[in-house]
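Q: Listed below, chain by chain, are the residues.
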Amino acid sequence: MKLESNIPGGPIAEKWTRHKFELKLVNPANKRKFTIIVVGTGLAGASAAASLGELGYNVKSFCIQDSPRRAHSIAAQGGINAAHNYPNDGDSVYRLFYDTVKGGDFRAREANVHRLAECSNLIIDHCVAQGVPFGREYGGLLDNRSFGGAQVSRTFYARGQTGQQLLLGAYQSMMRQVAKGSVKMFPRREMLDLVLVGGKARGIVVRNLITGELECHEADAVCLATGGYGNVFYLSTNAKGSNVGAAWRAHKKGALFANPCYTQIHPTCIPVTGDHQSKLTLMSESLRNDGRVWVPRQSGDPRKPSDIPEAERYYYLEEKYPSFGNLVPRDVASRNAKRVCDDGLGVGTSKRAVYLDFADSIKRIGETVVSAKYGNLFQMYEKITDENPYKTPMRIYPASHYTMGGLWVDYNLQSNIPGLFVLGEANFSDHGANRLGASALMQGLADGYFVIPYTIGGYFAGTKLEKVDSSQVEFVNATKESKAVIDRLLSINGKKTVTEFHRELGHITWENVGMGRNKQGLEKAISAIPSLREEFWKNVKVLGGNGSFNQNLENAMRVADFLEFGELLARDALYREESCGGHFREEHQTPDNEAKRDDEKFCHVAAWEWKGDNKAHELSKENLEFESVHLMTRSYK
Amino acid sequence: MSEQNMNLTIKVWRQKDTQARGTFETIKLSGISPDMSFLEMLDVMNEQLMKEGKEGFSFDHDCREGICGMCSLVINGLPHGPDNLITTCQLHMRKFKDGDTIVVEPWRSAAFPVIRDCAVDRSAFDRIIQAGGFVSISTGNAPPASTLPVPKIDSDRAFDAAACIGCGACVAACKNASAMLFVSAKVSHLSYLPQGKPEKQKRVLAMVEQMDKEGFGNCTNLYECEAACPKGISVEFIAKMNREYMCATALYAEKVYSTDA
Numbered sequence: 001m002k003l004e005s006n007i008p009g010g011p012i013a014e015k016w017t018r019h020k021f022e023l024k025l026v027n028p029a030n031k032r033k034f035t036i037i038v039v040g041t042g043l044a045g046a047s048a049a050a051s052l053g054e055l056g057y058n059v060k061s062f063c064i065q066d067s068p069r070r071a072h073s074i075a076a077q078g079g080i081n082a083a084h085n086y087p088n089d090g091d092s093v094y095r096l097f098y099d100t101v102k103g104g105d106f107r108a109r110e111a112n113v114h115r116l117a118e119c120s121n122l123i124i125d126h127c128v129a130q131g132v133p134f135g136r137e138y139g140g141l142l143d144n145r146s147f148g149g150a151q152v153s154r155t156f157y158a159r160g161q162t163g164q165q166l167l168l169g170a171y172q173s174m175m176r177q178v179a180k181g182s183v184k185m186f187p188r189r190e191m192l193d194l195v196l197v198g199g200k201a202r203g204i205v206v207r208n209l210i211t212g213e214l215e216c217h218e219a220d221a222v223c224l225a226t227g228g229y230g231n232v233f234y235l236s237t238n239a240k241g242s243n244v245g246a247a248w249r250a251h252k253k254g255a256l257f258a259n260p261c262y263t264q265i266h267p268t269c270i271p272v273t274g275d276h277q278s279k280l281t282l283m284s285e286s287l288r289n290d291g292r293v294w295v296p297r298q299s300g301d302p303r304k305p306s307d308i309p310e311a312e313r314y315y316y317l318e319e320k321y322p323s324f325g326n327l328v329p330r331d332v333a334s335r336n337a338k339r340v341c342d343d344g345l346g347v348g349t350s351k352r353a354v355y356l357d358f359a360d361s362i363k364r365i366g367e368t369v370v371s372a373k374y375g376n377l378f379q380m381y382e383k384i385t386d387e388n389p390y391k392t393p394m395r396i397y398p399a400s401h402y403t404m405g406g407l408w409v410d411y412n413l414q415s416n417i418p419g420l421f422v423l424g425e426a427n428f429s430d431h432g433a434n435r436l437g438a439s440a441l442m443q444g445l446a447d448g449y450f451v452i453p454y455t456i457g458g459y460f461a462g463t464k465l466e467k468v469d470s471s472q473v474e475f476v477n478a479t480k481e482s483k484a485v486i487d488r489l490l491s492i493n494g495k496k497t498v499t500e501f502h503r504e505l506g507h508i509t510w511e512n513v514g515m516g517r518n519k520q521g522l523e524k525a526i527s528a529i530p531s532l533r534e535e536f537w538k539n540v541k542v543l544g545g546n547g548s549f550n551q552n553l554e555n556a557m558r559v560a561d562f563l564e565f566g567e568l569l570a571r572d573a574l575y576r577e578e579s580c581g582g583h584f585r586e587e588h589q590t591p592d593n594e595a596k597r598d599d600e601k602f603c604h605v606a607a608w609e610w611k612g613d614n615k616a617h618e619l620s621k622e623n624l625e626f627e628s629v630h631l632m633t634r635s636y637k
Numbered sequence: 638m639s640e641q642n643m644n645l646t647i648k649v650w651r652q653k654d655t656q657a658r659g660t661f662e663t664i665k666l667s668g669i670s671p672d673m674s675f676l677e678m679l680d681v682m683n684e685q686l687m688k689e690g691k692e693g694f695s696f697d698h699d700c701r702e703g704i705c706g707m708c709s710l711v712i713n714g715l716p717h718g719p720d721n722l723i724t725t726c727q728l729h730m731r732k733f734k735d736g737d738t739i740v741v742e743p744w745r746s747a748a749f750p751v752i753r754d755c756a757v758d759r760s761a762f763d764r765i766i767q768a769g770g771f772v773s774i775s776t777g778n779a780p781p782a783s784t785l786p787v788p789k790i791d792s793d794r795a796f797d798a799a800a801c802i803g804c805g806a807c808v809a810a811c812k813n814a815s816a817m818l819f820v821s822a823k824v825s826h827l828s829y830l831p832q833g834k835p836e837k838q839k840r841v842l843a844m845v846e847q848m849d850k851e852g853f854g855n856c857t858n859l860y861e862c863e864a865a866c867p868k869g870i871s872v873e874f875i876a877k878m879n880r881e882y883m884c885a886t887a888l889y890a891e892k893v894y895s896t897d898a
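Just so you know, the protein sequences line up as chains F and S, in that order. If you're matching positions, the first sequence starts at 1 in this note's numbering and goes up one per residue. If you're matching positions, the second sequence starts at 638 in this note's numbering and goes up one per residue.
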């Protein structure tokens, strides 16, 4: 398939301005004639629903939780980047753009990234106006902190709850539109299928999670803002309910899935304690501002961390990367943690952990200041581990956190299916092979507040849309197919629970498609996942019926999707014979173990097309051109 | 780290749907590690139930790190269980001991109907926010962020209130099922900030009116809400809301109700 990225012409800094002018407009009185479905109510979905409602469109918003305020964006801790340059330390839109392209290891689309950097300042302005209580200095002006992958302080924050406060801002704006009638809210609904009429996205089928009823909803366009697929690893920092379902169903209806192998393993999470573990908890990257990462130089050192003298500690990030130190990008920090643990230097009972030590900062700025900055994170750590991080170093280890891959979209955030737009983490476009800290919030809100309101208008103004009705055959068939899947799941009555399958899948993906990947492991995953999937459809136990609140059934459907998606993840990782960002192929590394790209063969987006059950995906490529930031080897030394 | 594993008796509230009569079911569990979270213990329980061919116990949960506000269990009579400043998902089994009986119930309030077992419907909170829990700013209207300095003390106070996660533990803890702590947190968050001031009278009147409509009770100053709140929201905000409500009633009610939303 030929992929049209629809990147506007002209110099990089003028593309978005020019494009906004060239996009056709829908006049205010006509907007109310269009209905837009927005699936997901995280930062991207809620901001899109609010902004589109404000413009006068009819918006129908869907989420799986009991309230739109609970989407997992709420758990983002550290901050949101913007190029305001308030600290006067040399930041600019261009530098934010540059850092993001470089941080993404030259696998993102330049034009999208520049637009993101341009929107960053508008986001801060808008969120402040909504009443988001960002951290301030005593003079009353906004404070900034540093984050990985940048040498300027450009991260705005709201204590350790930035995602929560930004999401509540977007949620409140959306609630305002609900009160006005322009947004209609459908909570506790899960999207089961995308409905195409005449090749265009014209509606969805959802399951009402309370009654089990399958509902059809028609629209003129569908926006998916359904987040990432990190739960394919079973253990991740994602919410338990986070899933790939909506994106995967759209994929099976023809939307291309791009770069699934770009997964982010976050370096600072609380380590696994046992088999009962149901999820992993992130400790914000902002902690690396004041915490120092180290392991004992001697393998198996039995002493308490405080008893180990300075000279016998290995501050591996500071030693290997003197200019960025503890603030190297996430992929680099994670891989180094894995490496020291592989070398037998890990700490804690599992030996799969490193120390994140605040003793020096507490000495330098005092416990009160440290507590004001990170108090909620320290409390969270103590509740989980029963250890006091003010007194003893935190133990941390990398965990699956964010996924850069997602449904392929053009510059307008439109997938290859006309009328299907994909926003936020669910699309693939802005972070390349590695996302820098504090950039996910920025992208979700940029897409929802400042991009989709323009580009969706261009689509409506330039497209002829016939009226559709849910009694049409396309809707009826989609509902029938979804019903058949549910009936099949309920009729198996096997021996293994859904969670057992999910845990097994997670074991396969984490071991073979996790932080370090190689041909042998990937081939193993590619053969193991289909057998597990086959077993699932023969031997899974799903209890209860369809006609009621049934969390077991919800979970079974999500895991069924992951069992298909996991295979594509491994296949994409096998295809990409290079290392870049979060995708580390052990065969492709420099002598000092850094990722080694192959720009000649792989400077492209790999977008995969579904060809049917048990048929190979078909690959399409979008070549990436780097006109402004020239291809080079990333170095943080 | 982990000491000895525990044997426990769990009494969970089972209710088929909103209309059905609920009842307690007693389940014996063994080998529970003190390092498990409370919800992981329930996961183990559900796996055991399903292996026996019984439907799992329904409860809401999502982020499992204390921020989404989805989890909502009354444990041994206490919303979010026997620990301070945490949600149910952050409660760990080391708070219990071998041989304990643990009683698990839903949030109980007429305004939060049970959907199934311990999952309840909290959409009343969304409707209260819809009534006025926002700043009326549309995308594109914002002035530059640095034009309006906000005293750090106000900004911090606003944050203390904004930290509310909307879980509803305050309602569950209150003998009147009052939502005053939740409503006052949003009213205070926005009225401490200059951006929220222009609408403050209208906001407090509309939100309180909606709160009453939803069937929440009144505050009789027992402060159970503050004790149960996982985010430590202070009852001082209730006092602030009461002051604002009085001022608004006295001075602005007529004006507010005649203006368009």
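Calculated from the structure, these hints are not laboratory results. A couple of the hints might just be wrong.
Said to hold, decoys possible - Chain F regions said to be covered by chain S (calculated; three or more residues, Cβ under 8 Å): (1) 17-29; (2) 139-151; (3) 178-191; (4) 274-280.
Stated by the list, open to error - Residues from chain F shown here face chain S by an in silico Cβ test under 10 Å; the list is partial: (5) H72; (6) G135; (7) F156.
To be verified - Subject to a maximum C-alpha distance of 27 Å in a straight line, what follows is the list of computed DSS-like cross-link-like pairs (lysine-lysine): (8) S:K688 with S:K648; (9) S:K839 with F:K363; (10) F:K495 with S:K732; (11) S:K837 with F:K184; (12) S:K691 with F:K483; (13) S:K691 with F:K496; (14) F:K180 with S:K834; (15) F:K31 with F:K252; (16) F:K496 with S:K648; (17) S:K834 with F:K541; (18) F:K611 with F:K200; (19) S:K732 with F:K391; (20) F:K253 with F:K611; (21) F:K483 with S:K688; (22) F:K496 with S:K688; (23) F:K495 with S:K789; (24) F:K541 with S:K648; (25) F:K637 with F:K252; (26) S:K653 with F:K483; (27) F:K495 with S:K688; (28) S:K839 with F:K180; (29) F:K184 with S:K850; (30) F:K483 with F:K253; (31) F:K541 with S:K732; (32) S:K665 with F:K495; (33) S:K653 with F:K496; (34) S:K850 with F:K541; (35) S:K665 with F:K496; (36) S:K839 with F:K184; (37) F:K495 with S:K691; (38) S:K691 with F:K538; (39) S:K850 with F:K538; (40) F:K519 with F:K496.
Glycine is no exception: its CB is placed at the ideal position from the N, C-alpha and C atoms.
Q: All the hints need checking, so say for each whether the structure fits it.
A: These are the hints, each one checked on the structure:
With 0 residues having a Cβ less than 8 Å from any Cβ of chain S, the region 17-29 of chain F misses the three-residue criterion, and the hint is violated. A stretch counts as covered by a chain when three or more of its residues have a beta carbon under 8 Å from one of that chain; for the region 139-151 of chain F and chain S the count is 4, and the coverage holds. Residue count for the region 178-191 of chain F with a Cβ under 8 Å from a Cβ of chain S: 5. That meets the three needed, and the coverage hint holds. Given a C-beta distance limit of less than 8 Å, the hint that chain S covers the region 274-280 of chain F holds, as 5 residues qualify and 3 suffice.
Interface restraint check for H72 of chain F: the shortest CB-CB distance to chain S comes to about 6 Å, inside 10 Å, so the restraint holds. Against a cut-off of 10 Å between C-beta atoms, the interface hint on G135 of chain F holds, since the closest Cβ of chain S lies about 8 Å away. Because the smallest distance between the Cβ of F156 of chain F and any Cβ of chain S comes to about 9 Å, under 10 Å, the interface hint for this residue holds. As the CA atoms of K688 of chain S and K648 of chain S are separated by approximately 19 Å, the hinted pair is consistent with the 27 Å bound.
Distance restraint check for K839 of chain S and K363 of chain F: the Cα-Cα separation of roughly 48 Å exceeds the 27 Å cut-off, and the hinted pair is therefore not satisfied. Restraint check for K495 of chain F and K732 of chain S: not satisfied, since their Cα atoms lie roughly 33 Å apart, outside the 27 Å limit. The suggested pairing of K837 of chain S with K184 of chain F holds, with an alpha-carbon distance near 25 Å, which does not exceed 27 Å. The suggested pairing of K691 of chain S with K483 of chain F holds, with an alpha-carbon distance near 23 Å, which does not exceed 27 Å.
Distance hint between K691 of chain S and K496 of chain F is fulfilled; the C-alpha atoms sit about 13 Å from each other, no more than 27 Å. For the proposed pair K180 of chain F and K834 of chain S, the alpha carbon gap of about 21 Å is at most 27 Å, so the pair holds. This hinted pair does not check out: K31 of chain F and K252 of chain F have alpha carbons roughly 30 Å apart, beyond 27 Å. Our distance criterion of 27 Å between C-alpha atoms is met by K496 of chain F and K648 of chain S, whose separation comes to about 25 Å.
The suggested pairing of K834 of chain S with K541 of chain F is violated, with an alpha-carbon distance near 55 Å, which exceeds 27 Å. A distance of roughly 18 Å separates the Cα atoms of K611 of chain F and K200 of chain F; the hinted pair therefore holds under the 27 Å criterion. Between K732 of chain S and K391 of chain F, the direct Cα distance comes to roughly 22 Å. Compliance with the 27 Å bound is thereby established for this hinted pair. Only pairs whose Cα atoms come within 27 Å are accepted, and K253 of chain F paired with K611 of chain F is accepted, the gap being roughly 10 Å.
Between K483 of chain F and K688 of chain S the alpha-carbon distance is near 25 Å, which keeps this suggested pair within the 27 Å criterion. Of the pairs offered as hints, the one joining K496 of chain F and K688 of chain S holds, with about 8 Å between alpha carbons and a cut-off of 27 Å not exceeded. A distance of roughly 58 Å separates the Cα atoms of K495 of chain F and K789 of chain S; the hinted pair therefore is violated under the 27 Å criterion. A threshold of 27 Å between alpha carbons decides the hint, and for K541 of chain F with K648 of chain S the separation of about 24 Å falls inside it, so the pair holds.
For the hint pairing K637 of chain F with K252 of chain F, the CA-to-CA distance comes to about 43 Å; that exceeds 27 Å, so the pair is violated. Note on K653 of chain S and K483 of chain F: the hinted pairing holds, with a Cα-Cα distance of about 22 Å set against a maximum of 27 Å. Of the pairs offered as hints, the one joining K495 of chain F and K688 of chain S holds, with about 7 Å between alpha carbons and a cut-off of 27 Å not exceeded. The hinted pair formed by K839 of chain S and K180 of chain F meets the criterion: a straight-line CA distance of about 16 Å does not exceed 27 Å.
With a C-alpha separation of about 21 Å, the suggested pair K184 of chain F and K850 of chain S falls inside the 27 Å cut-off, and the hint holds. The hinted pair formed by K483 of chain F and K253 of chain F meets the criterion: a straight-line CA distance of about 17 Å does not exceed 27 Å. Note on K541 of chain F and K732 of chain S: the hinted pairing is violated, with a Cα-Cα distance of about 33 Å set against a maximum of 27 Å. Simply put, K665 of chain S and K495 of chain F have alpha-carbon atoms about 21 Å apart, close enough for the 27 Å limit, and the pair holds.
Restraint check: the Cα-Cα separation between K653 of chain S and K496 of chain F comes to about 24 Å, which is no more than 27 Å; the hinted pair holds. In summary, the hint linking K850 of chain S to K541 of chain F is not supported, as the alpha carbons are separated by about 43 Å, beyond the 27 Å threshold. Proposed proximity of K665 of chain S and K496 of chain F is supported: the alpha carbons are some 21 Å apart, at most 27 Å. Only pairs whose Cα atoms come within 27 Å are accepted, and K839 of chain S paired with K184 of chain F is accepted, the gap being roughly 23 Å.
In summary, the hint linking K495 of chain F to K691 of chain S is supported, as the alpha carbons are separated by about 13 Å, within the 27 Å threshold. Between K691 of chain S and K538 of chain F the CA atoms are separated by roughly 19 Å; this keeps the pair inside 27 Å, and the hint holds. For the given pair, K850 of chain S sits about 50 Å from K538 of chain F by alpha-carbon distance, which is inconsistent with the 27 Å threshold. This hinted pair does not check out: K519 of chain F and K496 of chain F have alpha carbons roughly 30 Å apart, beyond 27 Å.
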